[in-house]
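Chains A, B and C, in that order, are what the protein sequence lines are.
For the first sequence, the positions run 1 to 210 when full-length UniProt numbering is used.
For the second sequence, the positions run 1 to 665 when full-length UniProt numbering is used.
For the third sequence, the positions run 1 to 135 when full-length UniProt numbering is used.
Hints were generated in silico from the structure; no laboratory data involved.
All C-beta atoms in this analysis are idealised placements derived from N, C-alpha and C, irrespective of residue type, glycine included.
Hints may be right or wrong, so weigh each one.
Claimed, not checked - Computed list of chain C residues with no C-beta within reach of chain A, every gap over 12 Å:
| no. | residue |
| --- | --- |
| 1 | Asp-102 |
| 2 | Thr-103 |
| 3 | Ala-104 |
Claimed, not checked - What follows is a list of derived Cβ distance ranges for each label pair:
| no. | chain 1 | residue 1 | chain 2 | residue 2 | range |
| --- | --- | --- | --- | --- | --- |
| 4 | A | Gln-164 | B | Gln-636 | 50 to 56 Å |
| 5 | A | Leu-59 | B | Ala-631 | 40 to 46 Å |
| 6 | C | Arg-92 | B | Ala-631 | 28 to 34 Å |
| 7 | C | Ser-62 | B | Ala-631 | 45 to 51 Å |
| 8 | B | Gln-636 | A | Val-186 | 28 to 34 Å |
As the list claims (entries may be wrong) - One side of the interface only, derived from the structure: several residues of chain B facing chain A at Cβ under 7 Å:
| no. | residue |
| --- | --- |
| 9 | Gln-641 |
| 10 | Thr-642 |
| 11 | Ser-645 |
| 12 | Leu-648 |
| 13 | Ala-649 |
| 14 | Val-652 |
| 15 | Val-656 |
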Amino acid sequence: MTPAATLGGLAAGTVNLAAESRGFLSPTGVEIAFLLVGLVTFGAAVITVTTRQLVHAALWLVVALGGLAVEYLLLTAEFIAWVQVLVYVGSVVVLLLFGLMLTRAPIGRSPDADSGNRRVALAVAVAAAAALVWVVVDAFRTTWIDLDGAPAGSTEVTGASLFQHWVLPFEALSVLLLAALVGAIVLSRKAKADAASGATDARRDTEGAR
Amino acid sequence: MTTTTLAVLVPLLPFLGALAGLLLGRTVPGLVRPLAVLPTLASLALAATVAWRQGGGQAVDTATELTPTGSVPIELALYIDGFAALTAVLVTVVAACVQIYSTGYLRDDPRYPSYAALVSLFTSAMLLVVYSGDLMVLLVGWEVMGICSYFLVGHYWETPEARAASLKAFLVTKLGDVPFLIGLFALATDAGSFRVTRILAAVANGGIEHPTLIALLLLAGVAGKSAQFPLHTWLPDAMAGPTPVSALIHAATMVAAGVYFIARLLPLFEASQAAMTVLAVMAAVTMTGSALAALAQDDIKRVLAYSTIGQLGYMTGALAVADRGAAVFHLLSHGAFKALLFLAAGVIIHAAGTNSLATMSRMGHLRDRVPDAYWTMTVALLALAAIPPFSGFFSKEAVLGAAEHVVTGHTGHAPAAAGWIVLLAGLVTALLTAAYAMRLWLLAFRGYGAEAPDHGRQPLTMTTVLWVLAVPSLALGGLAFRVLPDWFDGHDLTPTPTTSVLGTGVALVGGIITYATWRHTTAHAAARVPLGAVAAHPEGDAGLVEAEAIATHEPAYGDIAYAPDPSDPGRLLLGPLHRPAAAGFHLDALYTALFVRPVRAGASLVRFLDREVVDTYVRGAGTLPRWLGAAVRRAQTGNLQTYVSVLLAGTVVLAVAAVLVATGA
Amino acid sequence: MHLAYPAVLSALLFCTGLYGVLARRNAILVLMSVELMLNAVNLNLVAFDVWLSRTAEETLHSGQALTLFTIAIAAAEIGIGLAIVLAVYRNRGTSDIDKLRDTAEGHEPDGPDSDATGRETPVPRTAGEKAEATA
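All chains, full assembly: derive it from the sequences and hints.
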């Protein structure tokens, strides 16, 4: 008995008969596109966590997040894809770049980007990846997503679902965002005088480095 | 009130007084003296009433069992015969005198409240022993006395002598108490009861299977409490306590308890000829040895302590010849005059500022400073030396007469050998007693030299008590020897002519020889070595002066009991025996060699085993966890990433394990 | 499309982020890695939502709704996280995670240059080296 039987049994009743007829590696066009974009995304992610140039890491993160947005599109979740581009690529990465500058992160190769924990981290990550991939592949190797027909993640569908069934969590989330806003301001405001001088120092340093 | 109620109140009142004194002593200082004196006085009145009502007739015997306590029942029993009634009167008289005396003696002592409470407790315990009809209840009083004596002897605990003496008193008496307890259990097993009446009935029916064993076990406890050879060594050292405590311990309580106990169970001892012979030998060794030692002591209180041991020897001697009437008679008269001697000695020590006879003999006119003590002490010393018509004469003659009865075969209760031993030892001791009484009197009151310092008159509370006690010392014997047989077993206590003449004769000889020797040694007066150390604070209260006197004796003379005084008549009389006698015939050294050193060696061996062997295992067992701890501690680097790495690694392992288990792989 | 593709990609991205969180020294790089992990989860949610929306009769589109929530929460998280990193940087003069060792055994409470005495620091770095790296 394999994990596939356990986990796959859940879906066995509802899975399409069409899925049964397809083998594990029988690529369609969408799958090839997904695979290529996925490779780019994964490569960008790996560079993000291994590069010694801090600013480059942020830029490679943009590539990885953009690749994910494309993957969403391929999965017909278009609204999520645009939100991904808007929020992550547009704002989060910019925020991270600001953070790098404000903490006077060195431009160029920095020899100490990785901590002494690297080998342990690598071992843990590889082990986790092996375990996860093994389980996931074993469980879902025959599961088929039917991408034909009406898109599952169009704006209309997502909006209807969000404002019919998920209104209350949506409103709660707005409170959370407000709290985060206030919290961030309070945390940053604490040493106002220091922040003023620190910001000028940071700018001068950055310019000098360039 | 019935006689029983009164009798219960007699030990209860001092006990309540002690309790109240301990509780209120700190908060209400004004109440301490009334709380100390009044319960004892009330208890004296009640004891006298009980004695009058009992009147030597049928013994009062009541009992109540509070709760079942196993196989042999323990009952709260009263058994008051003539012995108990009269002994209780003596105890309360002496206790009342001591309490009154202490109010003056320890006038300024900061620890007076606890002292007075302990004296009350001591009195209460002794009265419990006297009245109790159940041996277990008696044992309670017996042990309470032991612990009280520990505290009271150690009253001046600032001095190392007092600390050592209190410990010694406690340990030596406990050494006797262990076989005593075993003996009590054996006795109760044989007799089926702890009640005195039932035990005596069992003895009369021949129900005791091992009389010799039980009697010897009990004798060990008695020897410890009553300071008989070989467990007497604590008593001279107990002189490190305050003088009133010495008076209380020596005259009426503690030491009397042992004698009284044997008197109560005498038929049991009579059942064993061996025990009677042992008792006789013990008495003989005790009285002659202690009398010799008394002749050599320099500390006035140690002279009296050895004299107490000797007089107790007379009492056990009387018991060895199976005459408890004579024993308790001597106990009563001795209680009176020995209390007087100690209390008077306290006055003298206060006035002279020293406890050393050698120093006193270099003070002129000491007797004029303390006329009350001089006269009363003279009376008491005459009683001690058994000169007619003082009370000691009659009681001692009763003992010697009883021994003579046994020797001449008038009674079959005791072996004739015991009679001979007691009679001969008694006569020798009579000679020595008169000698040391004379020596004490001459050295203390007939000194030559500088005027004794004048610290003003002694407190009235102290001197009045002396005269109160002088009356029974003077007259008790002469008045009582006709009446007492009605209270006791009915044995005649009238002095027999033979022993009277013999006893008085040797006593006179002893006195005269000592006087002659003293006259001879005072010829050295011109060549006298200056000697002496006097208390630094003569204006303080008597307790303080005594504590200082005890503390300075050893630095001044090099020994607690001995002074190198060439004008001491005892030195000439004893000759080569003087030095060993002063040291108590080196019994302490012998005990040190025999018991203390082996015990110490055993203790150091045990300590070595504990430190080097047991601890090694303990340390070894501790090493591994310590190493583990050090290893684990190294993991606490404070680096969050390490922590999270380990956490996630564990999670992965757990997840994989869970999957494997779920799939049954 | 096979569900295995997005699922495997998601797992790999997640472990990449995991490695970044455990191995990066700079706190902001750690935050980036956290973003990667969140996105991996998002991909998973979306893929399964699309799969379930085809197979089930009625669907709440919970996967997509939760993805939106995650994106919002991630935005909030990145704001708070950066604020904390900035505060730490102002107080300690560094944003290196392995120098924040106040919970270590035998730690003496001291100022920003606690690493100068920190015996646990694997590679002791001097101020000169750092300046060289900056230039």
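Query raised in the report: What are the numbers of the hints the structure violates, in ascending order?
Result: Failing hints: none at all.
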